[in-house]
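Starting from the structure of chain A, add chain B where the hints point.
As they're listed, the protein sequences go chains A and B. According to this note's numbering, the first sequence holds residues 130 to 422 in order. According to this note's numbering, the second sequence holds residues 54 to 376 in order.
Among these hints, one or two may not hold up.
Coverage of chain B stretches by chain A, computed from C-beta distances (three or more under 8 Å per stretch; other residues unrestricted) [said to hold, decoys possible]:
id, region
1, 104-115
2, 121-129
3, 133-141
4, 158-171
20 Å max Cα-Cα, derived SDA-like pairs, lysine to any residue [to be verified]:
id, chain 1, residue 1, chain 2, residue 2
5, A, 283, B, 300
6, A, 312, B, 116
7, A, 312, B, 110
8, B, 292, B, 219
9, A, 253, B, 196
10, A, 312, B, 111
11, A, 283, B, 112
12, B, 247, B, 183
13, A, 253, B, 198
14, A, 343, B, 118
15, A, 283, B, 135
16, A, 253, B, 356
17, A, 312, B, 69
18, A, 253, B, 112
19, A, 253, B, 69
20, A, 253, B, 163
21, A, 283, B, 87
22, A, 283, B, 362
23, A, 312, B, 112
24, B, 69, B, 362
25, A, 283, B, 114
26, A, 312, B, 114
27, A, 253, A, 230
28, B, 215, B, 114
29, A, 253, B, 135
30, A, 253, B, 118
31, A, 312, B, 118
Please keep in mind that the hints were generated in silico from the structure rather than gathered at the bench. On a predicted model such as this, the values are computed, not experimentally measured, just so you know. For each residue, glycine too, the CB sits at the ideal point set by N, CA and C.
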Amino acid sequence: MNAERRAAGRGGTGVISDRRAEYLEEKARLIRRRVIEMTAAAGSGHPGGSLSSADIIAALYFHVMRIDPGNPGWEDRDRFVLSKGHAAPALYAALAERGFFDPSELVTLRRTGSRLQGHPDCRKLPGIEASAGSLGQGLSLANGIALAGRLRGKSYRVFVLLGDGECQEGQVWEAAMSAAHWKLGNLAAFVDCNGLQIDGPVEEVMSLKSPAEKFRAFGWNVLEIDGHDARQIVEAVEAAGRAKGVPTVAVAHTVKGRGVSFMENQVDWHGKAPSPEQAERALRELGEGRSLR
Amino acid sequence: MTHELNARGPAAGSPKTATREAYGKALVELGRARPDVVVLDADLSKSTMTARFAREFPDRFYNVGIAEQNLMGTAAGLALGGLTPFASTFAVFAAGRAYDQVRQSIAYPGLNVKICATHAGITVGADGATHQAIEDIALMRVLPNMTVIVPADDVETEQAVKTAASHEGPVYIRLGRHPVPRVTPEGYEFEVGKATVLRQGDDVALVACGIGVSIALSAAEMLAARGIRAAVLNVSTIKPLDARTIVSAAERCGRVVTIEEHSTIGGLGGAVCELLSERRPVAVRRVGVPDVFGQSGPPDELLRFYGLTPENVVSAVEEMEGR
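Just chain A, with the same shape it has in the complex (with noise of 0.2 Å):
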């Protein structure tokens, strides 16, 4: 089906290279593995969610984004605004991988004293563009930054990534109301429709019915994609760059827990970590890697 849509959508040609995607299907793999190593050596967090969404915070950060890890400062750099926060350890295991701080820190996750808090904190770890944790409200934070951008006569690009629990929040259609008012065609935002959320399937917690018809309702440029297809994910940025005036949001149909056979579509898994035996497995699943201790 990738195949299709992608031959569909670009005369056959994918708007990377077979190598390109490998190379972020790969970043996206030890991604995979750090949030298995970090959420085992807390003790707690969110693995689901975080194997969720890998591959769409790989492809941002080894592709897509504009941004110097030596200068996370830099005032044309491209934002990342994670607003499903619980997804913490994928950001952090980027934000390591592509050298904004040792990954020998990412084992301090969630311990007293570390910059890696349970949920990002701007203030404290270089690379985090804005704190969340409290769902619902990085949408809001992210159609700030976008008007910033453009009252100051920046080209830097917004991205944005929620949940599709998430977006039972009534401040998600709040604000997706309002970027599509304003016209913030600098503003891109994924949704990880990994379909299951703390008490169950969103389906029967409470139904969210179409994302994509509700965002296209309030005026969004709107794509369905798989979230966990490198080349998808990356389409989706080019196809947002080239909608002028108009937000553009990304459905992305993901897998909970991706990557982790026993961890896929297991809703227990959101907010759970392995125990060392079940870390050990789900390396192994994940494939080689230079492990963190």
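Frame of chain A, contents of chain B only:
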């Protein structure tokens, strides 16, 4: 700093101005001087007086519609983007409706957002309890990183708004709809965290903010007629509290009455009690809204109904005398 001119209390017939009016004026002046200043409102710009800024600087004004959570979040984002946002709505919505957004998106990351909340207190009047914030000082002052300012009159409002623009970090400024007399002395200069002694006295310290200051000045005048010399303090910064000035007044007078258009729980009165019980325990009486919601009515009538009058302050002092 004593100013004898004010020892008479707010002169009868002196012009009164609502602090929201002064805010609207100050914003326009700020807009001219500071291109980084942007203003947000939630469909109340004609009431909060941000409409004046909107007319002069339409490109730097964002109306989010009736969506206070998004108001605070967008303001936070604009601050992250390097601008100096002023976000306005009624105090009951700014501090109540959007509390989590103020906490998580503004105070926790310590962002440079100025929340200028108008229509605070019961002097909102006829709109009634749903629109009368009597708890906003309490809600805002428990937030780490937050500075809380309650200007007493138009002069102080203008200065506080301009000072806030240059003060790095989140600031909550509490403003009113009801016109209030001018109480600041000639040549007054507002400073964050500095209380002003408007009247010297050794018998009782009247510690007030906002509209409470003019009530305190009138009460001091009435007390003087009875031979009681009351000091009057304008504590316009609730957080950080000017501990030195308040403790020193408590030491000198031995008795304190706080006056505020806010619940007697958690506001200025609460802050003063916290301070004095640790640093200089003295008898304290709190004049304010006594742990009830407001109601509809003309502002002056509501002030009387809830005991926010010079007479009631005098009674509080006399009650302490009788101890």
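For each hint, the structure was consulted:
1. 104-115: Per the Cβ count (3), the hint holds.
2. 121-129: holds (count 7)
3. 133-141: Result for this restraint: holds, n = 5.
4. 158-171: n = 4 at 8 Å, threshold three: holds.
5. 283/A / 300/B: Cα-Cα ~50 Å, so violated.
6. 312/A / 116/B: 14 Å, holds
7. 312/A / 110/B: This hinted pair holds, its Cα atoms lying about 19 Å apart.
8. 292/B / 219/B: With Cα atoms ~17 Å apart, residue 292/B and residue 219/B stay inside 20 Å; holds.
9. 253/A / 196/B: 18 Å, holds
10. 312/A / 111/B: Cα-Cα ~16 Å, so holds.
11. 283/A / 112/B: With a Cα-Cα distance of about 15 Å, the restraint between residue 283/A and residue 112/B holds, given a limit of 20 Å.
12. 247/B / 183/B: Cα-Cα ~32 Å, so violated.
13. 253/A / 198/B: 15 Å, holds
14. 343/A / 118/B: This hinted pair holds, its Cα atoms lying about 19 Å apart.
15. 283/A / 135/B: Holds: residue 283/A and residue 135/B sit about 11 Å apart, inside 20 Å.
16. 253/A / 356/B: 46 Å, violated
17. 312/A / 69/B: 43 Å, violated
18. 253/A / 112/B: Cα-Cα ~33 Å, so violated.
19. 253/A / 69/B: 47 Å, violated
20. 253/A / 163/B: 12 Å, holds
21. 283/A / 87/B: 18 Å, holds
22. 283/A / 362/B: Status violated; Cα separation ~54 Å.
23. 312/A / 112/B: Distance of about 14 Å is within 20 Å: holds.
24. 69/B / 362/B: 17 Å, holds
25. 283/A / 114/B: 18 Å, holds
26. 312/A / 114/B: 15 Å, holds
27. 253/A / 230/A: 12 Å, holds
28. 215/B / 114/B: 18 Å, holds
29. 253/A / 135/B: With a Cα-Cα distance of about 18 Å, the restraint between residue 253/A and residue 135/B holds, given a limit of 20 Å.
30. 253/A / 118/B: It is violated: about 33 Å lies between the C-alpha atoms, which goes past 20 Å.
31. 312/A / 118/B: The given pair, whose Cα atoms are some 15 Å apart, holds under the 20 Å limit.
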